[in-house]
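Heads up: the sequence lines are chains A and B, in that order.
Be aware that the first sequence starts at 111, since it is given in the numbering used here, and climbs by one per residue.
Be aware that the second sequence starts at 1066, since it is given in the numbering used here, and climbs by one per residue.
Some clues are possibly wrong.
To be verified - Across the chosen pairs, the derived CB separations fall in these ranges:
no.	chain 1	residue 1	chain 2	residue 2	range
1	A	D347	B	E1283	49 to 57 Å
2	A	P292	B	V1122	47 to 55 Å
3	B	Y1330	A	I328	52 to 60 Å
4	B	D1485	A	R123	38 to 46 Å
5	A	R450	B	K1519	53 to 61 Å
6	B	K1613	A	K266	57 to 65 Å
7	A	L122	B	A1647	30 to 38 Å
8	A	D289	B	R1276	38 to 46 Å
9	A	G507	B	S1483	34 to 42 Å
Claimed, not checked - Calculated cross-link-like contacts (lysine to any residue; reagent style SDA-like; alpha-carbon spacing at most 20 Å):
no.	chain 1	residue 1	chain 2	residue 2
10	B	K1171	B	L1210
11	B	K1508	A	G507
12	B	K1607	A	S508
13	B	K1495	A	S408
14	B	K1488	A	A477
15	A	K384	B	V1337
16	B	K1508	A	Y165
17	B	K1607	A	S408
To be verified - A short, non-exhaustive set of chain B residues, derived as facing chain A with CB atoms under 10 Å:
no.	residue
18	R1115
19	I1117
20	R1276
21	E1331
22	G1334
It is worth saying that the hints were derived from the structure and are not from the lab.
For glycine and all other residues, C-beta sits at the position ideal for the given N, C-alpha and C.
The residues making up each chain are set out below.
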Amino acid sequence: MKAVILAAGEGLRCRPLTLTRSKVMLPVANKPLLEHIINAVAENGIREITLVVGYKRERIMDHFGDGLEFRVNIDYVFQDAQLGTAHAVKQAKDHVEGDFLVLNGDNLVEADTIGDLLRGKRGSVTLLAVEREQTMGYGVVISENDRVMKIVEKPKEMVSHLVNAGVYIFSQEIFDEIDETPLSETGEYAITDTIQSMIQKGKIVSMVESRSMWMDAIHSWDLLKANAVMLERCKKDIKGRVEKGATIKGEVMIGENSIIRAGCYIVGPAVIGKNCDIGPNTVILPSTAIGDNTSINSSVEIQNSMLMNDVRLGSGSYISNSIIGASNSIGPHFSTEVSRDLMIEMKGILHHAELLGTVTGDDNAVANRVLIRAGKMIANSCSIESGVIVGRDIPPGSIVV
Amino acid sequence: MCGIVGYKGKRQAAAIIIDSLKRLEYRGYDSAGIAIFNGKAIEVHKEKGRIIDLEKVIPDISGTVGIGHTRWATHGRPNKINAHPHTSGDIAVVHNGIIENYQQLKEKLSQSGYNFVSETDTEVLAHLINYYHKSDLIEAVLSALKEIKGSYAIAVLCGNELVAARKDSPLIIGLGEGENFVASDIPAILKYTRKVIFLNDLEVAYVDQDRVTFFDTEKREIEKKVNTIDWNLEAAEKSGYEHFMLKEIHEQPRALHDTFAGRIYELEGNIVFDGLKLTESRIKDISRISIIACGTSYNAGFLGKYLFEQLSGIHVDVEIASEFRYAHSSPGSLVIAISQSGETADTLAALREAKSSGCRTLAITNVTGSTITREVESVIYTRSGPEIGVAATKTFISQLAVLYLLALYFGKIRGKISQDRMKRMLVSLKHIPAQITRLLNDKEMIIKFASVFKSSNDFFFIGRTLNYPIALEGALKLKEISYIHAEGYAAGELKHGPLALITQNTPVVAIATKGLTYDKVVNNIKEVKAREAPVLAIADEKDSEIEKYVDSVIRVPTTEEIFSPVLSTVVVQLLSYYIAKARNCPIDQPRNLAKSVTVE
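Start from the sequences and build out the full structure, keeping to the hints where you can.
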């Protein structure tokens, strides 16, 4: 069986991180979401993968190449216009034969999740359902035993706790059905509309409920949760050099050519990439992921945070519950304020964040002693001068004095 | 620079040889051919053009031993007759290199009754082996090779026997299970095996399906070491990109990171090289440096001149390898040879010349175990992975990276760079890959400019000091892949002649990043603007003045002046790529060019 992974979308709600890369390339435990998914697929013996790519596709192609490094064969198809999931699946038509697996590139799954679906395959469509306390914003599955009777998109009231995970096994007949799918009210060809119409025609659409991992990161800050979950699965593995006088506790992974200097105190689960230079006297606390080629100066404290690749962080800084995008150069005494139950406004809509410091995009230059108020974000390619207290969201390319 | 493949094993040879040849196509592609032993006789098929053209004319051939070739003409026009393999009786030969005394040999063989059908030097070789062939193929090959002056890598097929040999031209043996391979380059056989043996000059290999035996010129058996290749074939695939060149441009941040990995210690202000055999006192004693290279590597070496002079205070001469014949080297001088493939014949010849005068030698190359690595004292590898596009991109950037590291390292040892300055430089250098990623994320301006100027017949690239070599590289890239005539000029030199060529139809790309000569470049821009030429400036992102003088600006991230050429390089690469693409050129395999030039 082959797998088709949908990876063409931008992920608007994950801005500013998705200004420079698509959502599937956002890292969790130092690996893009998509890489975790490809690993889970490969562990089930599925080695032929088609990626449907669009937005910032070169970033995806640069990372995965032809898949050899990830023990799979990858080919790419382009979805130029974002016309919905059904349209995306259709792009892969010439790349699959027989039954095939379809996944979203931005929902985190583990091997067992996919295994459950593969074992329960039945009928024209088999879909994966997972239980959710909160079903708002999801497609809810109404079923009799394992037969799907209806998918209710974004229901206003509680109809079921089972939501559609967006992982499917399709037979070839899906392509004919997609051709008959009308444009939805939101201007997209949705695969759930295709499935709904198949149900109405009396075709067998079955479901498998999985209790294995399935996570979706709707907002950028949800990545911190996913990061913590994935780091729990890490095992201690130190490839770099740890100087005498540094302490490493618990499950900590340190990549090749990285140096942990004397006086550092690192508590796992945590991961530090390759070619990093950390410390001296820097404290890294659990659920922290630090990307490749990152330099962190002396006396820094970081907890429950993600720093992406090529970040440079000045001495005496404090980062908590935050995501720092790639290639930020941050001066000394940078500080993130953290707050609970924030309401964050994006495009006029308020979104809830349980516990958050900041999220910054890529390529920012931050001078000395900058404080970021809880929940405020810096986009990309900004320049923040010394002593600034950032109390509002900063748009791309800004110079803040 | 042609490609050679040979196979003997259990599988159908034709399919494997065709597949391997496709991976060598970048070495030359004006014609191709194969010879397979079908159990009774040798069947030969050739075709002008590319491997796919050959594939179309090949019938089903049953046979498990054979040879194949992709050709890039040096003797005789590219056509079907001149394509290899060349045959003589029951002997078929594929050859890479040049036979210098082929005229004399041709006369001699003609008198003995041999009939020549092609215009190639290789046919001489086939007849000569046939002439000596009684019963032992190895003896025949050895006798023939003794008469030949010049360079060669050959694979010879006679019945079901396969023999390979080399002199001054690369050849490797691949070891499989129940099958063995001959190839002129590693990517050809990587799909089948990772175990290879590098053949040395004047060695002959007898390739059987279960074992390979090696002989010297006197037919004494010799022992050879087996190497394992740790490359991924991934790099030989396009992975979603339309062209290898764009894929390779995008691989530059990674290539740089790999070239830096384990060599930079920023906090200590230290650089560490594994392959450098020069002690600190020897580095202090270096009186001058000669850099020898060809093509793109020459442009890298040219920037190297500025780097060594500015950072380490050593006088540097840069020479085109094919012009470096009269070495004025002394024991106090260091010769740095730069060759991506490590097989560039001109560079190797110049290196040998230099070595004979007793100077120290250092090679910068991308290919482990290549010929150049066996000829020099110190080797520093660029770790770019294999590069398939004929126009060098990521290997150029990695060569620059190595030159920066070397110049900084020499400068520190010679007391020209303080520990603190070194630390600051290394911090900036380490930031370059991320800045390239940023450039690659936003190519709209470049694509727009390319589409506007795709129909121009002439281009000028100008720059001063550090940016002058990048102007040369920009012009070279554009020439190579878009077939547009382009000149790289020192900006101050325009008024001494070429300004006469500047009109409203000659776009000028001015590399005008901030630095010592910025004001002077702006003056040169005004000179060309006065002649109504459209000007594109490559400028610092913080430069708010430049747009007053030019038509378009492409911004590069701010870095130290000395590192800015790396970022400008990426812009000229992309510019050339998108212009060539807009003109529908065969970007990865431009006409008349080959990836590594292994003839002089």
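Starting from the hint 47 to 55 Å, judge whether the C-beta atoms of P292(A) and V1122(B) obey it.
-> holds, 50 Å
K1171(B) and L1210(B): Cα distance at most 20 Å?
-> holds, 14 Å
Holds or violated: are the alpha carbons of K384(A) and V1337(B) at most 20 Å from each other?
-> Since the Cα atoms of K384(A) and V1337(B) sit roughly 17 Å apart, the hinted pair holds (cutoff 20 Å).
That 34 to 42 Å hint for G507(A) and S1483(B) (C-beta), does it hold up?
-> With Cβ atoms ~35 Å apart, the hint holds.
Does K1495(B) pair with S408(A) here, judged by a C-alpha cut-off of 20 Å?
-> holds, 18 Å
Could you check if R1276(B) really has its C-beta closer than 10 Å to a C-beta on chain A?
-> violated, 30 Å
Regarding D1485(B) and R123(A), is the given constraint of 38 to 46 Å on their beta-carbon distance met?
-> Since the Cβ atoms of D1485(B) and R123(A) sit about 45 Å apart, the hinted range of 38 to 46 Å holds.
Decide if the proposed pair is consistent with the structure: K1508(B) and Y165(A), CA atoms, cutoff 20 Å inclusive.
-> Given pair K1508(B), Y165(A) holds - Cα atoms ~14 Å apart, limit 20 Å.
Does 38 to 46 Å hold as the CB distance between D289(A) and R1276(B), or does it fail?
-> violated, 59 Å
Given the proposed pairing of K1488(B) with A477(A), does the C-alpha separation stay at or below 20 Å?
-> holds, 19 Å
Between L122(A) and A1647(B), is the Cβ distance one that fits in 30 to 38 Å?
-> For L122(A) and A1647(B) the Cβ distance comes to about 32 Å; the hint holds.
So does K1613(B) sit 57 to 65 Å from K266(A), Cβ to Cβ?
-> holds, 59 Å
Comparing the model with each earlier hint shows violations of hints 3, 8, 17, 18, 19, 20, 22; every other hint is respected.
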